[in-house]
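As given, the protein sequences belong to chains S and H, one line each in that order. Position in the first sequence (from 1) plus 38 gives the number in this note's numbering. Position in the second sequence (from 1) plus 10 gives the number in this note's numbering.
FYI, nobody ran anything at the bench for these hints, they're computed from the structure. Fair warning: there could be bad hints in the mix.
Below, a list of computed lysine-lysine pairs in the BS3-like style, where the Cα atoms sit at most 27 Å apart [stated by the list, open to error]: (1) H:Lys161 - H:Lys172; (2) S:Lys154 - S:Lys211; (3) S:Lys329 - S:Lys211; (4) H:Lys172 - S:Lys211; (5) H:Lys449 - S:Lys73; (6) H:Lys172 - S:Lys154.
Rough simulated footprint, nothing fancy, chain H against chain S, three-plus residues with beta-carbon under 8 Å [as the list claims (entries may be wrong)]: (7) 88 to 97; (8) 179 to 188; (9) 222 to 232; (10) 303 to 310.
Cβ atoms here follow ideal geometry from the backbone N, Cα and C, with glycine treated the same way.
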Amino acid sequence: MDFINSHILSLMTFLPLAGAAVILMLPGGRDELVKTVAAVASFLPVPLAVQLWFTYDRSVAGVNVASQFQFVEHTRWIPSINVEYFLGADGISMPMIILTAIISFLAVIGSWNIEKQIKGYMALLLLLETGMMGVFCALDFFLFYVFWEVMLLPMYFLIGIWGGPRREYAAIKFFLYTLLGSVLMLLVMLALYFNTTDPETGGHTFNMLHYMQQSTHNEWLRGFDIRILMFLGLFIGFAIKVPLFPFHTWLPDAHVEAPTAISVILAGILLKMGTYGLMRISFPMFPDVTKWFVIPMAVLGAINIVYGALCAMAQSDLKKLVAYSSVSHMGFCLLGMAALTPAGMVGAAFQMFSHGMITAMLFFLVGVVYDRAHHRDIDGFGGLGAVVPVYTFYITVAFFASLGLPGFSGFVAEAMVFIGSFDVFRTIVMISASGIIIVAAFHLWALQRVFLGPLNPKYAQLEEINAREMFCLSPLALMTLLLGVYPMPVLNLMNASLVRLVDVVNMVI
Amino acid sequence: MSLGNLASLPYFLPEFAVTATILLLIVVHVAGRNRRSPAAALLAMVGTGSALFFAWMTPAGAGTGLFEGMVVLDGFAVFFKVLTALATLIVVFMSIDCYELTDKSQAEYYIFLLSVLLGMFLLSSASDIVMLYLALELVSIPSYLLAGYLKGKDLSNEASTKYVVYGATASGVMIYGFSLLYGMTGSTQISVIGNALASGTSALPALLAAVMVTVGFGYKIAAVPFHMWSPDVYEGAPIPVTAFLSVGPKAAGFAILVRFFYTVFASPEGAEGMWKLSSSVDWPFLFAVLSAVTMTVGNLVAINQSNVKRLLAYSSIAHAGYMMMGFVLLTSVGLKAILFYLIVYLFMNLGAFYVVVLVANGSRSEEISDFSGLGTRAPLAAVSLAVFLFALTGIPPFSGFIGKVYLFAEVINRGVYWLALVAALNSVVSLYYYARIVKVMFLEEPVHTGELTVAFVPRVMLAILVVPTLLFGVYWEPVIRIAESSVRLLTN
Numbered sequence: 039m040d041f042i043n044s045h046i047l048s049l050m051t052f053l054p055l056a057g058a059a060v061i062l063m064l065p066g067g068r069d070e071l072v073k074t075v076a077a078v079a080s081f082l083p084v085p086l087a088v089q090l091w092f093t094y095d096r097s098v099a100g101v102n103v104a105s106q107f108q109f110v111e112h113t114r115w116i117p118s119i120n121v122e123y124f125l126g127a128d129g130i131s132m133p134m135i136i137l138t139a140i141i142s143f144l145a146v147i148g149s150w151n152i153e154k155q156i157k158g159y160m161a162l163l164l165l166l167e168t169g170m171m172g173v174f175c176a177l178d179f180f181l182f183y184v185f186w187e188v189m190l191l192p193m194y195f196l197i198g199i200w201g202g203p204r205r206e207y208a209a210i211k212f213f214l215y216t217l218l219g220s221v222l223m224l225l226v227m228l229a230l231y232f233n234t235t236d237p238e239t240g241g242h243t244f245n246m247l248h249y250m251q252q253s254t255h256n257e258w259l260r261g262f263d264i265r266i267l268m269f270l271g272l273f274i275g276f277a278i279k280v281p282l283f284p285f286h287t288w289l290p291d292a293h294v295e296a297p298t299a300i301s302v303i304l305a306g307i308l309l310k311m312g313t314y315g316l317m318r319i320s321f322p323m324f325p326d327v328t329k330w331f332v333i334p335m336a337v338l339g340a341i342n343i344v345y346g347a348l349c350a351m352a353q354s355d356l357k358k359l360v361a362y363s364s365v366s367h368m369g370f371c372l373l374g375m376a377a378l379t380p381a382g383m384v385g386a387a388f389q390m391f392s393h394g395m396i397t398a399m400l401f402f403l404v405g406v407v408y409d410r411a412h413h414r415d416i417d418g419f420g421g422l423g424a425v426v427p428v429y430t431f432y433i434t435v436a437f438f439a440s441l442g443l444p445g446f447s448g449f450v451a452e453a454m455v456f457i458g459s460f461d462v463f464r465t466i467v468m469i470s471a472s473g474i475i476i477v478a479a480f481h482l483w484a485l486q487r488v489f490l491g492p493l494n495p496k497y498a499q500l501e502e503i504n505a506r507e508m509f510c511l512s513p514l515a516l517m518t519l520l521l522g523v524y525p526m527p528v529l530n531l532m533n534a535s536l537v538r539l540v541d542v543v544n545m546v547i
Numbered sequence: 011m012s013l014g015n016l017a018s019l020p021y022f023l024p025e026f027a028v029t030a031t032i033l034l035l036i037v038v039h040v041a042g043r044n045r046r047s048p049a050a051a052l053l054a055m056v057g058t059g060s061a062l063f064f065a066w067m068t069p070a071g072a073g074t075g076l077f078e079g080m081v082v083l084d085g086f087a088v089f090f091k092v093l094t095a096l097a098t099l100i101v102v103f104m105s106i107d108c109y110e111l112t113d114k115s116q117a118e119y120y121i122f123l124l125s126v127l128l129g130m131f132l133l134s135s136a137s138d139i140v141m142l143y144l145a146l147e148l149v150s151i152p153s154y155l156l157a158g159y160l161k162g163k164d165l166s167n168e169a170s171t172k173y174v175v176y177g178a179t180a181s182g183v184m185i186y187g188f189s190l191l192y193g194m195t196g197s198t199q200i201s202v203i204g205n206a207l208a209s210g211t212s213a214l215p216a217l218l219a220a221v222m223v224t225v226g227f228g229y230k231i232a233a234v235p236f237h238m239w240s241p242d243v244y245e246g247a248p249i250p251v252t253a254f255l256s257v258g259p260k261a262a263g264f265a266i267l268v269r270f271f272y273t274v275f276a277s278p279e280g281a282e283g284m285w286k287l288s289s290s291v292d293w294p295f296l297f298a299v300l301s302a303v304t305m306t307v308g309n310l311v312a313i314n315q316s317n318v319k320r321l322l323a324y325s326s327i328a329h330a331g332y333m334m335m336g337f338v339l340l341t342s343v344g345l346k347a348i349l350f351y352l353i354v355y356l357f358m359n360l361g362a363f364y365v366v367v368l369v370a371n372g373s374r375s376e377e378i379s380d381f382s383g384l385g386t387r388a389p390l391a392a393v394s395l396a397v398f399l400f401a402l403t404g405i406p407p408f409s410g411f412i413g414k415v416y417l418f419a420e421v422i423n424r425g426v427y428w429l430a431l432v433a434a435l436n437s438v439v440s441l442y443y444y445a446r447i448v449k450v451m452f453l454e455e456p457v458h459t460g461e462l463t464v465a466f467v468p469r470v471m472l473a474i475l476v477v478p479t480l481l482f483g484v485y486w487e488p489v490i491r492i493a494e495s496s497v498r499l500l501t502n
């Protein structure tokens, strides 16, 4: 038990990797065994996440204070350049760690019907989980970067081998886009390394928390022009991941071509890494530039909301519609963060968590219908509500949650974002609010075209949603609903940290 | 301090091992009726192996001159001897399996290969410009023969001819530069030349000499604009030779480039990152431009290649460009980054070529389409190649990433930000063409049917090359220490 408690984050990060190694060593042809091992390896982090949930002390903030991080593991890795193996959790990372554990497990269950090269698929999926979990736990920039990049490889293959018809194009586009963002981040990381000093040892450091103490920065790094460049380098890297307009064009391709479970992970977790990076790295390291950059960020957020919603409305492919709705929803995160108020910041973080669940549901649901009908053309269905009532129930819940109906977690998040940012930039918020109407419009319109109206006789025999699929959807639907009615458990989890984050950014100038 | 001829002999064991093996191989060649006898390969293996062993065991004192100062024995030289011997050993293994070489005289081939190795040993330790020139020619001339080893193949003949013409021109220009240096300083010892230049001489001849010497070395490491020979040579030569040329002589070229410029043109200690000749020309900027152009041209041209050998040739030009980043400011940190990169480059580049040999053995050609569906035909080889290619791209957790981090770190630390940016963007470009090979391997259906069986020895060799590529990406402290101590012994 002691070992588990003192290495809980490492275990959550590397158990899936161990599972991947076991899978690769299994003999060929044992597909059921492969799936079982994958399910176990991805399930193990879930009880650990529960353990985190119950033992996490919600009263301390973390953010830039090393002593307030919890479940910390800190050892030297490469002493000659002071790279450290430094993991820890605070209120910013906790919801993301929990979300990653849940969604990854559900994604493995959701992949049960994959038949092609299941061994490679599951191994890559578990490797992907290790990368994602590592990103949310790492507090050393070098370590963070390694995890950040480790995700690219499995993602490339998962889209490229198991994806839809245009998978090759989508996979390489995703890879090139994100690598472009990452190399900029790498340059900024190295520049930070050489222009900061570790207050304890006097040497250079990759410790993120040291970067957040402005006193560790040298003269060169205090120049505002330089800081703007560094901030922008990081911002582009994160914006590509979010993805923010105009860096979003990889997203529809990747989401549409990826197999169902991978779309779930892409939208449910990967996109959050962009906004997480901004909160964890950009904001506290460059608070002065952040303040200088709030208007552009808010504008970009508003563009995402409105433009993403308009694009979604124009789609005839159900999966593409869901993909663009992600673009729209991630805009709320940025808008809330840019406001630099506690309500806005908490709203943004809650939106990350809530959208992770809702969009995961949506992609699962699209996958369900695609598996049966082998197309996703919105106009190609009609009247399905009468044939598959249970499925219709689930998708209605998911769509209502996604469009921000009160009673679901999405509403709470979006409301908090608007409350937090309204006083700061009124015009932008009012424009963004119009996005809500468009979001509602395209959801309801799609719902109407697919499930209402006269029944398309082609689908009179459509198979109802099965138990395994409901197993993936029910926990998500339940959590969305619970958090919509009573969001306090998750809000409490992150509140202290986000309030500190806002203070950190606002204290300067 | 330099030892006399007799006293130097005990320190010359690696070279003796290679020379003895060459002589034995000649005997085998003359006596051997059966051309396909494995004796030659075995002999080459043992000889290279023992040279590697002796090089590794050499006590690396701080700069002992041997043979009245013709060569020097320091940690830097030892480093490159070990590196080049290791590369040669791997290439010998590669050559055994290669279909292109099986019906040729094996002994002859290994004689040339080991002659190049001997040349590389001397080149990495030469401390006199006459010795340097001889060593360079000893590397070059057998290389011409190796490039043209497939006599019946037009491309191979073209490769050899091109190589000779370019090589002769470059070495002619270089020796003209040497003669200028000798005329100015009256010595052939590079340390004496360095001191004489430091005490101030006319700038113009020194500048001219530096440019001409740069041409010679630039040709050896295939830096743009002296790279024109390399794609054709790399495409025409047998695959193991291409692999060898892209690692061995390139590393030796870097060794002499670093040693020569560091001794002759770098400022005395205390002023790290400055060049002696900085008054007349902005050398760091010049080399930064050379580095940027080399990597950009290499990567951009590689995009359009359909032949994997040629693609890897251009990629190796790009990698020379990356490595030159460490050279721009002539600091010990930068040199350390180059050495580290050479170590990881050895494994990942030879590894990539090794898989090309295995695939080409089945299909008798090495077009990208020959690799399609390799993921199902030969999973182990395909996964290994993917690892090597992503390592070459510089993606964690593979060793190439760490190598690039050190190179980027050096230029960023010295404030040459634009070069770091160019290099970073180049990495993204390189992903595009490396991923093309990965794509056909895993995402496309096989053109050739049937499984590609990989025998036991190649499997072991692949493992030997893959493991360091993975391991040095996760834990590289010992490797960087080796690089560091090798550089320290040069700079003292």
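Numbers of the earlier hints that this structure fails to satisfy, in rising order: 3, 4, 6, 7, 10
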